[in-house]
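Enquirer: Sequence:
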Amino acid sequence: MTKKTITIFGATGLQGGSVAAIFLDDPKLNANWTVRAVTRDVTKESAKQLADQGAQVVAADLNDKSSLRKAVDGAYAVFAVTNYWEKMDKDVEVQQGKNLVDAAAEAGVQHFIWSSVLNINKLSKGKLPHLYHFDSKAEVEEYARSVASLPSTFFLPGFYMSNFPGPALGLTHHDDNTGKWTFALPTPASSSIFPLFDTADTGKFVKAAVLHREETLGKRLLGATEYLTGDQVVEGFKKMFPEAGATASYYQVPEDVYLDNLKGAGMPDYVAQELLENFLLLGTFGYYGGESLDWTHSLVEDKLTTWEEFIKKTPEWKDLK
368 MTKKTITIFG ATGLQGGSVA AIFLDDPKLN ANWTVRAVTR DVTKESAKQL ADQGAQVVAA
428 DLNDKSSLRK AVDGAYAVFA VTNYWEKMDK DVEVQQGKNL VDAAAEAGVQ HFIWSSVLNI
488 NKLSKGKLPH LYHFDSKAEV EEYARSVASL PSTFFLPGFY MSNFPGPALG LTHHDDNTGK
548 WTFALPTPAS SSIFPLFDTA DTGKFVKAAV LHREETLGKR LLGATEYLTG DQVVEGFKKM
608 FPEAGATASY YQVPEDVYLD NLKGAGMPDY VAQELLENFL LLGTFGYYGG ESLDWTHSLV
668 EDKLTTWEEF IKKTPEWKDL K
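All residue numbers for the sequence shown refer to my numbering, where the first residue is 368 and numbers rise by one.
Since the hints were made in silico from the structure, they are not lab data. Model, not experiment: these values are computed from the prediction. Mixed in with the good hints, there may be bad ones.
Unchecked claim - Straight-line alpha carbon distances no greater than 30 Å define the calculated BS3-like cross-link-like pairs of lysine-lysine that follow:
no.	residue 1	residue 2
1	K395	K630
2	K630	K670
3	K437	K395
4	K489	K630
5	K454	K586
6	K411	K586
7	K432	K454
8	K547	K465
9	K395	K680
10	K670	K605
11	K465	K432
12	K457	K489
13	K586	K437
14	K494	K454
Let's have the full structure, built from the sequences with the hints guiding it.
Expert: Encoded structure:
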């Protein structure tokens, strides 16, 4: 039996890497699919590891449509993802996404899976106008939907669990003198709803899209394990780390203080505002606009990672008890 080919962009990154892993490791997928892993640098170690595992590793540049066309040539399916934070430029991300759509359509791809999010400017009726990393991907989704010849599914990754232990956003603080852990966010603890997502689960959602192609065409798969409030996030931390979490608490940081902290860490003003609005979204209009996760979960056959499971395995907290 001839295998179908799936071209995976960002194959050495968080989302694409998870997709590549499941298509290489899952017996059901591996028996029917050839993995074509796309990266900018085929000589780096992570790319070599994919080749050793049986993937075809090819180079492409999201800004060069001709290289994208070669990467998707002959592919039945494509997983496409862009990284806004690399350039922090909405126009660049939109163009890269449209390049991917055009290349896939020209190649006759039969299943285009786009890593998307909602258009928050529209959802909030202009009240949260600076969430460029949402709206750019949503614009590409709209463009893909307009291309009738390209059958598409839209995967919407949730709020990264790794944002909490990671240092970039400063969401958790440990006082070395008192030993106290604080979850500090500019949004209310009880009314803010986090659709928590482990990036390592990306492949599980894409697997569901591929196995249920007809059901998911034109639809959105919501990439989250569960909805938790800020209070529940802290409770999970306290449960998994009884010693470290004994005095853990949630603190709602004033918006101006949060902005000043980000700017003080070297973030441009517009990026600080964008990140603030990202959190305000969780306590107002909702990351997914209040949509249930049930339909997506009904299609995903692999167990998704819970918040409690994630924090027990995350390297940043490996020494906590």
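Enquirer: Now tell me, hint by hint, if it's right for this structure.
Expert: Consistency of the hints with the structure:
Between K395 and K630 the alpha-carbon distance is near 48 Å, which puts this suggested pair outside the 30 Å criterion. At roughly 39 Å between alpha-carbon atoms, K630 and K670 are farther apart than 30 Å, so this suggested pair is violated. Taken as a hint, the K437 and K395 pair is honoured in the structure, with Cα atoms around 27 Å apart against an allowance of 30 Å. Restraint check for K489 and K630: satisfied, since their Cα atoms lie roughly 27 Å apart, inside the 30 Å limit.
Between K454 and K586 the CA atoms are separated by roughly 29 Å; this keeps the pair inside 30 Å, and the hint holds. A hinted pair counts as satisfied when its Cα atoms are at most 30 Å apart, and K411 with K586 does not qualify at roughly 35 Å. For the hint pairing K432 with K454, the CA-to-CA distance comes to about 18 Å; that is within 30 Å, so the pair holds. The straight-line distance between the Cα atoms of K547 and K465 is roughly 47 Å, outside the 30 Å bound, and the hint therefore fails.
Under the criterion of a C-alpha separation no larger than 30 Å, the hint pairing K395 with K680 is consistent with the structure, at around 27 Å. About 23 Å separates the Cα atoms of K670 and K605, which keeps this hinted pair within 30 Å; it holds. Taken as a hint, the K465 and K432 pair is honoured in the structure, with Cα atoms around 9 Å apart against an allowance of 30 Å. Restraint check: the Cα-Cα separation between K457 and K489 comes to about 16 Å, which is no more than 30 Å; the hinted pair holds.
Distance hint between K586 and K437 is fulfilled; the C-alpha atoms sit about 27 Å from each other, no more than 30 Å. About 25 Å separates the Cα atoms of K494 and K454, which keeps this hinted pair within 30 Å; it holds.
Hint compliance for this structure: hints 1, 2, 6, 8 are not met, and every other hint is.
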